[in-house]
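Novice: What follows is each chain in one-letter form.
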Amino acid sequence: MDFRFDIIAHYLPVLLKGTAFTIGVSIVSIIFGSILGLGIGFGKMAPKAYFRWPFHCYINFFRGTPLYVQILIVHFGVIPAFYGSTNVLMTSFVALSLNSAAYSAEIFRAGIQSIDPGQREAAVSLGMTGFQAMRFIILPQAVKRMVPAFGNEFIVLVKDSSLLALIAAPEIMYWSNTMKGQYLRIWEPYLTAALIYFILTYSLSKLLNYIERKV
Amino acid sequence: MEPMISVRHLHKSFGAHKVLADINVDIHTREVVVVIGPSGSGKSTFLRCLNFLEQPQEGDILIEGTSLMAKSTRINDIRTELGMVFQQFNLFPHKKVIENIMLAPVQVRKWPAEQARRKALELLDKVGLSEKAEAYPASLSGGQAQRVAIARALAMEPKIMLFDEPTSALDPEMVGEVLAVMKDLAREGMTMVVVTHEMGFAREVGDRVLFMEQGAVVEEGHPEQLFSHPSHERTRAFLSKVL
Ligand SMILES: Nc1ncnc2c1ncn2[C@@H]1O[C@H](COP(=O)(O)OP(=O)(O)OP(=O)(O)O)[C@@H](O)[C@H]1O
Ligand SMILES: [Mg+2]
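Read top to bottom, the protein sequences are chains E and G.
First residue of the first sequence: 142, per our numbering; consecutive thereafter.
First residue of the second sequence: 820, per our numbering; consecutive thereafter.
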């Protein structure tokens, strides 16, 4: 079997651009996803059941349906409704952020609820407000426990962003598909894509191990 | 004189389970009240109602005349006047000892950090742990942790101190050092409500003992009198097991 490194070399510049896109969309989505997820996670912990309900539905919808479907709904439904026409870049950020928010919300909720209730009691019995107890006592401890779960979510996000090829977002899989179409070869484009994803997720997991040891 | 704490017709249930039934107690300034009773009798629940960690369903609690049940009362403000010490210490593990003590004075009382630090060091000296200021709670023994927890509560300069079995989680050899700190406090005139099984402590520093059973105060009196001549059969039965 001949393996044509020359076509990989030829596609390398766009593959690297695709890699940058994948990294960018993953970073933006994990950031927006966690901010949104924090709010949703708190919403789901609200004392009143009717207040929890919309957050509960949000989480169940995004965790219970394929990202594939969510991307199509955002691309052809949500973005045109707000923006007037489809927009690949917006879909990429919005779809992944909304999806990641649902998982982040559960990570936050589990992390916060894992902290001994005695911590909150000690804080409020010193006169702190619920907000102060959350900010100074509970969140700092909970976040430490959330790091591994967030790391995992980030890795999943990097891999799942490959589904954006579906709407021709210029990421790694999109360029691999193009390469395949141009040369009618299977191994070179897909093995290259696999290798890039692996390098990304492997270095990410090493980085996360390092962070976990730090905190 | 107006009592420091006045508990009136207090009722508390968890769901259908009635835990406190019509508790009426007045606690006066500088008084040390010791609460004893069998497990599940509602001692902790009673104590936790006093700073509103548990919300009663009926009745009222007045702290220096201010009702905890009144809508206009700001519970956070009242809580700054009541220090609480827990069985499990509940120190903040992510903060150094000194930070544990300084946090509330700085964030709640809005003291400048320097003033809070001075106060914290003074209190650490008082509980005999000056050298632990920069340590993390995980490195402390149980007795040390509980003394830090007492210092943390005192940093808010409360008028009342609540103790919920402060020595029950300690190894026997560490009970003494914590009780010593509490005795000092009592001698200085702190108003204290102490749930404990330490009958020696009750005898020595208690002004009054409340015996609780099944959510009610069965009997109360001066420790000497209650321990030597209990007037209720149930008190006698309980004391015969613990004395
Ligand atoms: N949060 C809660 N939810 C439901 N039931 C509770 C709760 N807290 C306490 N109880 C119940 O209320 C009763 C009184 O509990 P409490 O902790 O006040 O007793 P106690 O006298 O402090 O006992 P112990 O000596 O074991 O600490 C017990 O039957 C307990 O199971
Ligand atoms: Mg108890």
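The set of hints was computed from the structure by calculation and includes no laboratory data.
Don't take every hint at face value.
Subject to a maximum C-alpha distance of 27 Å in a straight line, what follows is the list of computed BS3-like cross-link-like pairs (lysine-lysine) [claimed, not checked]:
(1) K189/E to K890/G
(2) K285/E to K914/G
(3) K158/E to K355/E
(4) K914/G to K355/E
Computed from a prediction, not measured in an experiment: that's the story for all the values here.
Novice: It remains to establish, for every hint, whether it holds in the given structure.
Specialist: To see whether the hints hold, each was checked on the structure:
Our distance criterion of 27 Å between C-alpha atoms is met by K189/E and K890/G, whose separation comes to about 20 Å. In summary, the hint linking K285/E to K914/G is supported, as the alpha carbons are separated by about 13 Å, within the 27 Å threshold. Taken as a hint, the K158/E and K355/E pair is broken in the structure, with Cα atoms around 32 Å apart against an allowance of 27 Å. Note on K914/G and K355/E: the hinted pairing holds, with a Cα-Cα distance of about 16 Å set against a maximum of 27 Å.
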